[in-house]
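A.B. asks: Listed in order, the protein sequences are those of chains A and B. Residues 1 to 414 (the UniProt record's numbering) make up the first sequence, in order. Residues 1 to 480 (the UniProt record's numbering) make up the second sequence, in order.
Accuracy of the hints is not assured; some may be wrong.
In silico BS3-like pairs for lysine-lysine, Cα to Cα no more than 25 Å straight-line [unchecked claim]: (1) B:K231 <-> A:K403; (2) A:K241 <-> B:K231; (3) B:K220 <-> A:K30; (4) A:K180 <-> A:K159; (5) A:K159 <-> A:K186; (6) B:K477 <-> B:K433; (7) B:K230 <-> A:K403; (8) A:K241 <-> A:K323; (9) A:K37 <-> B:K230; (10) B:K350 <-> B:K433; (11) A:K349 <-> B:K113; (12) B:K231 <-> B:K220; (13) B:K230 <-> B:K220; (14) A:K403 <-> B:K226; (15) B:K226 <-> A:K349; (16) A:K180 <-> B:K306; (17) B:K226 <-> A:K323.
No lab work stands behind these hints: they were computed from the structure.
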Amino acid sequence: MPRLDTREKLAILADAAKYDASCASSGTKKRDSAGGKGIGSTEGMGICHAYAPDGRCISLLKILLTNSCIFDCHYCINRKSSNVRRARFTAEEVVQLTLSFYRRNYIEGLFLSSGIIRSPNYTMEQIVEVARSLREDHDFRGYIHLKTIPDADPELVHKAGLYADRVSINVELPTEQGLKRLAPEKDGARIEGAMKGMKAAIDQGADEKKRFRSAPGFAPAGQSTQMIVGADGASDGDIIKRASTLYDRFALRRVYYSAFSPIPDASAVLPLRRPPLMREHRLYQSDWLMRFYGFKPGEVVAAADDTGMLPLDIDPKLAWALKFRERFPVDVNRAPREMLLRVPGLGVKAVDRIIASRRWRRLRLGDIARLTVSVAKLRPFIVAADWRPTALIDRVDLQQRLKPATEQLELFAA
Amino acid sequence: MRTAFLAHQEDFEGWRDAARSLALSRVPPSEIHWQVGDAPHDLFADEAVLASDDGPAFSVPRPFIELARSVVCHSDPERFALLYTLLLRLRAHPGAMEDAADPLLQRLESMAKAVCRDIHKMRAFLRFREVEGADEAGGTRYVAWFEPEHHIVRANAGFFVRRFASMRWSILTPELSLHWDGETLKEGPGATRADAPSGDQVEEVWKTYYASIFNPARVKVGAMLKEMPKKYWKNMPETALVGQLIAGAQAREAEMVERSRAKMAEGGLAEAVAAEKRLQPGGNALAAWEALVAEARSCTRCDLYKCGTQTVFGEGPLDARLLFVGEQPGDQEDLAGRPFVGPAGGVFDKALADAGVDRAATYVTNAVKHFKFERRGKRRIHSKPDGPEITACRWWLEQELALIRPPITVALGATAARSLFGKAVTISATRGKPHALEAGETWVTVHPSFLLRVRDNREEEYARFVEDLHAIGERAKALA
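Use the sequences and the hints to build the structure in full.
C.D. replies: The following block contains the structure:
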């Protein structure tokens, strides 16, 4: 086949990488390029330099080193039995591409993943070489996120952690059964073993940093993972419990959910219709409830219906509140923070401001309205100085009144 | 009327000095005019702010200083007066900064938030372009043009210096320009867009990346516009592609569907396609069904798998126009691994024959796919499945329905009806007429095992069962 130039390779390999949802560039330690010979800085807060029409932000240059692969995972467009065009970057090409984009402020850094060629160790070596060249040859101080390969040698994975800000391994599917069916060559136990090893290395790196200031940093932004939603039969409850387990056992920074989307050259065992994108959104909202609002996984699952699926028309926090109405209304002038965080419509920042303000005045409904986006949603669940919901909280049709207006269905929808 | 002079639009130090003097003199906000720059244009302004020694010095909390430093960068001319009003209030009530519900404080905080957002968007959406030989030394320089909403360029200078310290760059805006030579930051006068370079050779590569990273199966234009407002688009090269990407998204998804059909039509003739459809309906339906059967064998969704011999999956042609759902496999079905082969299956086959329905053209399955029983001596006596067990197995039934998409689905018995309807229903109330469900048209009748158990009116019940099946068969033909 004819030799591909850089632009053609980029088109093929970025297209192959778009199913990875991760694009964060935050959570690492602060660095800048003052006094160095290279460019790049990280400021703690991630920056999204562009947004694509699918709503996802473009923060990093997200590419695969190659989309050839020896594995045959059914959900993956790059699987061995697929007929997609293949391409491959050299390490130097990735480095030059990253630097030229970064100089123009197009990206915050690099996200590098790869199909597996020759052997997991060989592929991991190539990935590490890209990061090493950026850090050592070019003194690049921006963000680097590396995908690690569970089957690769632990020493290679450790090297990746030395150069990268964040590392990640995908668990791919929420259940062992789904993994066996759709990715038969992948081993759930080996994936989890690799994540456990990464957690130990991160802990050790942080400990060394505490004792010796000059110790090298090890993946200061931690590790993350990703699950595919809707390719197998796992319910939302299964996914939430799985995510909670992963957070607890491996000290993950993030779990990403990627709704299964139709791919060209689809494999026969995939579902014939894709899950609604709203389902992915509800899972992210549940993730937030567990990480920032103090919900336990069992409580989030309690908001689901009998089949374990979260409602698509209302968010899980509202669903939980409607199900456990006996705990409401909450007095905003007296309630503890943990209870205020459970009021639908009150975010973390709003709760912080309520707690600060009520030292100086008894809050009225008008005051609450100024602190939140939508007072209509939370009125049934709070008591204020001049407001009581009376019978509103007990209405049978409360959910109907609070959920978004139903849209007219499209006459010519496909 | 007093006039306070400020050196430039975001002169925080000047504002602080003037505000301190004015506050010590207890001048009310309505009597102060805040003048940016040199030329006074208020004819009624008289005395300038003079140094004052009235009263003792006072301190303000640190959050106020941070808030003021941000708000001073806002583009609203009223910002100075509002900050001064809050400063006077702080002298009277030192805790005013913590009263987040206060309308004045909230307005100032929203102004600070707008400034912070503008700073962030400038860091994100500013685009450098490379200019060769622009310097005296003949080196490369990177030039960017940006149009901020607020007076934030000076506040953002530090960020770009830290990030691109070893790069020579310039940032041009309508208000002022910044130039960095690797060691020193210089400030220059405002510029126009024509002063910036018009293109860059890497932009085409960047556009290629932008087009490729977009997933056409999940268009969310609203989310994009919310985070990347259109006012920034003219200075970002990749936004030229947005229109065609959105228009192309539906086409690409339709193309994926069409390509699957084209594979079937590669034989060439419509008859070949029809023949292929008869042999393997639904394209990959047979492979998908086989995968479902294999996976169902290891199903552990409820506890019934612990007792039964095996999973008893559905059976029949995948282009069936009739799909019958029974309750669960019986003793013989559990051993054989096939549905409707026990005594009830015999009654079912006979009734279908009497009703004129071809059993071989129908698909038969069960709502619950494991045998639930209680042991009495050596015999295994049927036990009715519980709600959670029906719900757990419903996923498999939904997969079968999605795969086969029969025009008519028939629930045999209350358990099957519960699985299809999602709630408990009575047979007498739902029997004999079609119901529109998500899976399509659905009918309800008794399970053939009921005919084995009934004692008195067996012949009448059997005749009624046959009549139901006949009506359903006629309906299936009508829908063909």
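A.B. asks: Looking back at the hints listed earlier, which ones does the structure fail to meet?
C.D. replies: 1, 2, 3, 4, 7, 9 and 17
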